[in-house]
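Those protein sequences? They're chains A and B, same order as listed.
Going by my numbering, the first residue of the first sequence is number 511, and it counts up by one from there.
Going by my numbering, the first residue of the second sequence is number 4, and it counts up by one from there.
Rather than coming from a laboratory, the hints here were simulated on the basis of the structure.
Heads up, some of the hints might be wrong.
[Said to hold, decoys possible] Pairwise CB distance ranges, derived in the manner of DEER restraints:
{"no.": "1", "chain 1": "A", "residue 1": "Pro837", "chain 2": "B", "residue 2": "Trp154", "range": "26 to 36 Å"}
{"no.": "2", "chain 1": "B", "residue 1": "Glu152", "chain 2": "A", "residue 2": "Leu524", "range": "19 to 29 Å"}
{"no.": "3", "chain 1": "A", "residue 1": "Val527", "chain 2": "B", "residue 2": "Gln35", "range": "46 to 56 Å"}
[Said to hold, decoys possible] Here are the simulated lysine to any residue pairs, SDA-like style, with alpha carbons at most 20 Å apart:
{"no.": "4", "chain 1": "A", "residue 1": "Lys838", "chain 2": "B", "residue 2": "Glu81"}
{"no.": "5", "chain 1": "A", "residue 1": "Lys807", "chain 2": "A", "residue 2": "Pro837"}
{"no.": "6", "chain 1": "B", "residue 1": "Lys146", "chain 2": "A", "residue 2": "Lys838"}
Glycine is no exception: its CB is placed at the ideal position from the N, C-alpha and C atoms.
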Amino acid sequence: MPFKTETIEPGTELLTVNMGPSHPSTHGVLRLILTLDGERVVKAEPVMGYLHRGMEKISENKTYTQFIPYTDRLDYLAPLSNNVAFALAVEKLVGVTVPPRCQFIRVLVCEMSRISAHLLWLGTHAVDLGAITVFMYTFREREVLYDFFEALTGTRLTTSYTRIGGLTRDLPAGFLDGVGKWLDRFSGELDEYEKLLTKNKIWVERTQGVGVLKAADAIDLGVSGPNLRASGNEWDLRKTRPYSGYEQFEFDIPIGTTGDVYDRYLVRIEEMRQSVKILKQVVKGMPGGPINVDDPKLVLPPKEQVLKKMEQLIHQFIIVTEGFDAPKGEVYHAIEAPKGELGFYIVSDGGPSPHRMKIRSPSFVNLQALPGICVGALISDVVAIIASLDPVMGEVDR
Amino acid sequence: MPSVPTVASGRETTLRAVEKLREVFGDSVKEQTSFRDEETLHVDPARLLEICRFLKTEGAFAFDYLVDITAIHWLDKEYEYEVAYLVCSLKNNALLRLKVRAGGSTGIDSVPSLTGVWATADWQEREEWDKVGVVFSGHPNLKRILMPEDWEGHPLRKDYPVEGIGA
Numbered sequence: 511m512p513f514k515t516e517t518i519e520p521g522t523e524l525l526t527v528n529m530g531p532s533h534p535s536t537h538g539v540l541r542l543i544l545t546l547d548g549e550r551v552v553k554a555e556p557v558m559g560y561l562h563r564g565m566e567k568i569s570e571n572k573t574y575t576q577f578i579p580y581t582d583r584l585d586y587l588a589p590l591s592n593n594v595a596f597a598l599a600v601e602k603l604v605g606v607t608v609p610p611r612c613q614f615i616r617v618l619v620c621e622m623s624r625i626s627a628h629l630l631w632l633g634t635h636a637v638d639l640g641a642i643t644v645f646m647y648t649f650r651e652r653e654v655l656y657d658f659f660e661a662l663t664g665t666r667l668t669t670s671y672t673r674i675g676g677l678t679r680d681l682p683a684g685f686l687d688g689v690g691k692w693l694d695r696f697s698g699e700l701d702e703y704e705k706l707l708t709k710n711k712i713w714v715e716r717t718q719g720v721g722v723l724k725a726a727d728a729i730d731l732g733v734s735g736p737n738l739r740a741s742g743n744e745w746d747l748r749k750t751r752p753y754s755g756y757e758q759f760e761f762d763i764p765i766g767t768t769g770d771v772y773d774r775y776l777v778r779i780e781e782m783r784q785s786v787k788i789l790k791q792v793v794k795g796m797p798g799g800p801i802n803v804d805d806p807k808l809v810l811p812p813k814e815q816v817l818k819k820m821e822q823l824i825h826q827f828i829i830v831t832e833g834f835d836a837p838k839g840e841v842y843h844a845i846e847a848p849k850g851e852l853g854f855y856i857v858s859d860g861g862p863s864p865h866r867m868k869i870r871s872p873s874f875v876n877l878q879a880l881p882g883i884c885v886g887a888l889i890s891d892v893v894a895i896i897a898s899l900d901p902v903m904g905e906v907d908r
Numbered sequence: 004m005p006s007v008p009t010v011a012s013g014r015e016t017t018l019r020a021v022e023k024l025r026e027v028f029g030d031s032v033k034e035q036t037s038f039r040d041e042e043t044l045h046v047d048p049a050r051l052l053e054i055c056r057f058l059k060t061e062g063a064f065a066f067d068y069l070v071d072i073t074a075i076h077w078l079d080k081e082y083e084y085e086v087a088y089l090v091c092s093l094k095n096n097a098l099l100r101l102k103v104r105a106g107g108s109t110g111i112d113s114v115p116s117l118t119g120v121w122a123t124a125d126w127q128e129r130e131e132w133d134k135v136g137v138v139f140s141g142h143p144n145l146k147r148i149l150m151p152e153d154w155e156g157h158p159l160r161k162d163y164p165v166e167g168i169g170a
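In isolation and in its complexed conformation, chain A is listed as follows (with noise of 0.2 Å):
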């Protein structure tokens, strides 16, 4: 490993600690084996697999669009986003590409699960040092989130909102204006949080030069998302490899110098800022047309149609019944998960199901540096640097 290891003296009596898999700051069942020179960390092994379903397996005996249900729980903080790179990898497969309108909805819900994950873990991180305040206002702004969430798709959580080659459904009435409104109060918002926390004392103090990931070890770990680029790294899967008309939007992106907890925190916030300015050219942007492609061996046709026209409802059966035929063949598409990059390699040979299935989860990943950089912390900073890795545990174990 290119960490640093502790030095300890002879006849150092070193304490065993195990941390979670349930205790409050591990975000789930994170379980960390923690070896200690009085508070000092000299080894850290994570435990995972505590909330481990099998998703792989499931989906190989699911036919795409089953499937779709089960990436809600993969990081259950940002379902929409999942439900999002699921359809695209599976789109890619087939190789349809969706109506404009779509396109701006999926990113729309994106950003959208994107601030909300941010918010999660910018109340937590807050609360883990101490400060609840914090928790109070960003679950305000969540509560907020989630109704639009329900309004667009009737549910605060198992959101399923996307479909192979479109979506469930449209946005309902007055929705763009609503979230019009929601964004140009939150930046506000976002700022009542800095007030709070980046030049406050204790903050400050607690999370700067704390848990550093250099720019080099990140890249050699595979860590994506934010934790990469707090460390210095410019890469992210919008610009670098655009998806859903991601190259139409005029956003920065941000990146630390250090790789410190602090730094992880500077760049979520301002990743949130840009995903207001990105939602906002949205609102603006949103073109009409059609949400689905125009495919009856792969959309479901409308209920309406299903009821009156008997090709219509041969269609509706055989999709339901048996799914739709995959080309033989591979793909790999990713996408800038909240968490980092999110990818799904699908290893089709054939038929309504995938032979094999990979979920490439950022959290699964971004997990592996935790044990470099808990070495030499005090145990009082592993919670601070497990909060700013923002692993969620459904989508490590899947």
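Based on these hints, arrange chain B on the given structure of chain A.
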């Protein structure tokens, strides 16, 4: 970000890298498939390590980022499993998938570990061993990562029932 090349120029870099690999490694580089603008290159497992080192350190390509390792189990082929490595060059915005085949009648029973080339290979190889049962030789700590330590079998093999064994 003006510094990162476009996807199209990244693809050109990938194709150039494949050509260079053929030149340097000769017969160890086998067939190449292209699907939906993604390049997959089959290579000889015996020389995988050298090929990866070459891709990572050769300045013009600099495939410094290992995105993903996936093992794929097959029932009806002469090989038992394939391992796919997706490598990325952040500098060139290039992606290349390397694939090795092993097991079955190939006579190869393990795949070299890439932990010495990219640190990220550690957990990813553990995961693929856990799920598919691929032995990565030279891995410093090849133990289960998602399944419990005392679990029997490898669930993502095609002969492993969905309901679990004995269910």
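We went through each hint and held it up to the structure:
Take A/Pro837 and B/Trp154: their Cβ atoms lie about 35 Å apart, and the range 26 to 36 Å holds. A hinted range of 19 to 29 Å holds for the C-beta pair B/Glu152 and A/Leu524, which are about 22 Å apart. For A/Val527 and B/Gln35, the Cβ-Cβ distance of about 51 Å falls inside the hinted range of 46 to 56 Å, so the restraint holds. Between the alpha carbons of A/Lys838 and B/Glu81 the distance comes to roughly 19 Å, so the proposed pair stays at or under 20 Å and holds.
For the hint linking A/Lys807 to A/Pro837, the alpha-carbon distance of about 13 Å falls within 20 Å, and the restraint holds. The hinted pair formed by B/Lys146 and A/Lys838 fails the criterion: a straight-line CA distance of about 33 Å is larger than 20 Å.
Going down the numbered hints, you'll see the structure goes against just number 6.
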